[in-house]
Amino acid sequence: MSASEPPINSPEIRRLTPVLGPGYTFGSVTDKISSIVLTRRTSFGWYVGFLISFGFSALMTIAIGWLFTKGVGIWGINIPVGWGFAIVNFVWWIGIGHAGTLISAILFLLNQKWRTSINRFAEAMTLFAVACAGIFPLIHTGRPWMAYYMFPYPSTMGIWPQFRSPLIWDVFAVSTYGTVSLLFWFVGLIPDLATLRDRALTKPKQIIYGMLALGWRGSVRHWHRYQSAYLLLAGLATPLVLSVHTVVSFDFAVAIVPGWHTTIFPPYFVAGAIYSGFAMVLSIAIPLRKAYGLEDFITMRHLDNMAKVMLATGLIVAYGYFFEFFLSFYSGNKFDLYLVQQRIHGPYSHFYYALILCNILTPQLLWFYEIRHNVLVLFLMSLVINTGMWLERFVIVVISLTRDFTPSAWGRYQPTFWDWATFTGTIGFFVMLLFLFVRVLPAISIAEMRELVAETAEAD
Amino acid sequence: MERRSHLYGVLAEFSAPEELIHAVERARAEGYRRMDAYTPFPVEGLARAMGLKRNMVPFVTLLGGLAGGLGGFGFQYWAAAISYPQNIGGRPLNSWPAFIPVTFELTVLGAALCAVFGMLALNRLPQPHHPVFNVGRFVHASSDRFYLCIEARDPKFHIAETAKFLQALHSHHVSEVTDD
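Heads up: the sequence lines are chains B and V, in that order. Under the numbering used here, the very last position in the first sequence is 460; numbers go up by exactly one each time. Under the numbering used here, the very last position in the second sequence is 180; numbers go up by exactly one each time.
Please note that a few of the clues may not be correct.
FRET-style restraints, in silico, Cβ to Cβ [what the hints assert, rightly or not]:
id	chain 1	residue 1	chain 2	residue 2	range
1	B	Ile159	V	Leu70	21 to 31 Å
2	V	Pro126	B	Phe325	25 to 35 Å
3	V	Arg48	B	Thr39	34 to 44 Å
4	B	Ala58	V	Arg48	25 to 35 Å
5	V	Arg48	B	Leu110	32 to 42 Å
6	B	Thr416	V	Ala81	22 to 32 Å
7	B	Thr39	V	Gly71	41 to 51 Å
8	V	Arg54	B	Leu51	48 to 58 Å
9	B	Leu51	V	Glu44	41 to 51 Å
Residues of chain B clear of chain V, computed beta-carbon distances all greater than 10 Å [unchecked claim]:
id	residue
10	Ile62
11	Lys113
12	Val220
13	Ala318
14	Thr362
15	Asn374
16	Val431
Which stretches of chain V does chain B cover? Using the computed rule of at least three CB atoms under 8 Å from a CB of chain B, they are [what the hints assert, rightly or not]:
id	stretch
17	50 to 56
18	72 to 81
None of these hints come from the bench; they were simulated from the model. None of the values given here were measured: they were computed from a predicted structure. The C-beta atom is built at its ideal place from N, Cα and C for all residues, glycine as well.
The whole structure should be built from the sequences, with the hints applied where relevant.
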């Protein structure tokens, strides 16, 4: 080593940290990623993880079954707190999904090469998070077998949904988001399914992957239209992802409840969604790269960039918290001011302080290069931020509803065992779907990695 | 009835994208037109070398977006102002700002569905069988090899001549493609 070489964390070296480990060819990226699905033996750890998460999804099924038997009275909701855990969890899950779309669509439009190896599982995460999110408003309706009332269908009653209501906007936003995310994910998967079809060793796998691949043969004419469609989908998903959490925030902001009725909600909800979503991507990426030895594909550069996105969106969220307070004082509205006082001194103030600690104070460590490059700290940080974002929704829903305009309408909220069972159950369900996903589909886009190999070779 | 296998074309294999682009350019200069290239990832410059211009996917997507947006707004207007009008304190029935979120979502939904299904339909997918799949080595088309197939329906096609032409372009494998 020559003496003139720059120190390890100097800006020059940092810029040179590649998005792909050295020495990869078209064939070797294909082998490495497809072998995880096709030839590698399912590890003992996979079974353990799958069984634990399966146990929690079973708990979710039991909790929902019991709910359908007894009704929403088994939850801690009451009057005034009619929303409770169901809406807290809904907003939390739907927010987590946002990072997947951001990575796959916005970073694609911005031509960010580092998205390539993380977009596939981030999109899968989006789909599974939306699935978990969708459960909550459905079971919260009390009579979920009548949920189809929310869709405009020609009923014998001759009435239509109230299109002026944010709750109906939510139905359209979330179902469109789920559909477009699924389309985006599937379109990205088609070439990889063809790879799996061609490399599968057993007949059933060849048939299943073959049917899913739709007969893809990589014709240049097909690629030509495929690229147009992919680019257009990215362009469509970008405003869509911004609209979804905006509409979710309208569920609150359109109401006149103190602490909800504010115009800062849409941008601050979107930033919070991306914040928690990137935290979840890190929570998944770090164990995934370790378990399957993908350190050359999901490099420190990826983790570093994701940490920076978290820091930036975390600062926007902090700005949102600041402005909520500022606007209460600036407006001088006594109900808003009382709510601020309740957040700081009320019965749920410890949730508020925990929220500030998790979402604003702890992430400031991400300013440091050493922290962003410490995988374990980053993993723990991502869990802390996800907890913080859950607390944020709890604070918004519960503190506002327990302290609205007249003291006679004030109340308390206490989640029950069944609230926790449903919530932890959906986490288990989410993790279980991820376990199944990494086992049966390529967790990293093989076709895009080949493209990256070609571009890297060109750059050399 | 006697089963005969029809000749579909001649398939040449290359190991690098640049070789394939070069081969396509040479084949076009030679006068071949009915051909297709197969690659494991979208190769930059290949579509241009093949002489492909714009495609219909953006137009189909635009139609889908327009249908979703106009249909979405029109339906809300019809439901709220014509089919089931409700007079709430004299507020206007056509409260258009409140219809924008759903209109927007349906625009995106219509456009996205048309982009994906339009792309698949224009590509004639799903198509489980294609003659190139009969070539054993073609499994590498989804991994690390690049293929050029000059089809038998090309007026200039001549089995021996075309195969010789492709071999001269440094293809390591040239094989006949039959459709049976």
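Status of each hint after checking the structure:
For B/Ile159 and V/Leu70, the hinted distance range of 21 to 31 Å is satisfied, since their beta carbons lie about 23 Å from each other. For the hinted restraint 25 to 35 Å between V/Pro126 and B/Phe325, the CB-CB distance of approximately 56 Å leaves it violated. Checking the proposed 34 to 44 Å range against V/Arg48 and B/Thr39 shows it holds: the Cβ atoms sit about 38 Å from each other. With their beta carbons about 55 Å apart, B/Ala58 and V/Arg48 fall outside the hinted range of 25 to 35 Å.
Our hint of 32 to 42 Å for V/Arg48 and B/Leu110 is violated, since their Cβ atoms are close to 24 Å apart. Between B/Thr416 and V/Ala81 the beta carbons are some 44 Å apart, a value that contradicts the proposed interval 22 to 32 Å. Range check, B/Thr39 to V/Gly71: Cβ separation about 48 Å, and the 41 to 51 Å hint holds. About 52 Å separates the C-beta atoms of V/Arg54 and B/Leu51, a value consistent with the hinted range of 48 to 58 Å.
At about 46 Å, the beta-carbon gap between B/Leu51 and V/Glu44 stays in the expected band of 41 to 51 Å. Every C-beta of chain V lies more than 10 Å from that of B/Ile62, the closest at about 34 Å, which supports listing it as non-interface. With a cut of 10 Å on Cβ distances, B/Lys113 stays outside the contact zone with chain V, its closest approach being about 14 Å. A Cβ of chain V approaches the Cβ of B/Val220 within 10 Å, the least distance being about 4 Å, so the stated non-interface status is violated.
Non-interface status of B/Ala318 relative to chain V is upheld: no Cβ of that chain comes within 10 Å, the nearest being about 28 Å off. Here B/Thr362 stays apart from chain V, with its beta-carbon at least about 35 Å from theirs, past the 10 Å limit. Chain V leaves B/Asn374 outside its interface by the beta-carbon criterion, the shortest separation being 34 Å against a cut-off of 10 Å. Its beta-carbon lying about 28 Å from the closest one in chain V, B/Val431 satisfies the requirement of being farther than 10 Å from that chain.
Interface restraint, the stretch 50 to 56 of chain V with chain B: holds (4 residues with C-beta to C-beta distance below 8 Å; minimum three). Beta-carbon proximity to chain B at under 8 Å applies to 4 residues in the stretch 72 to 81 of chain V; the threshold of 3 is reached and the given coverage holds.
Of the numbered hints given earlier, the model fails hints 2, 4, 5, 6 and 12; all others are met.
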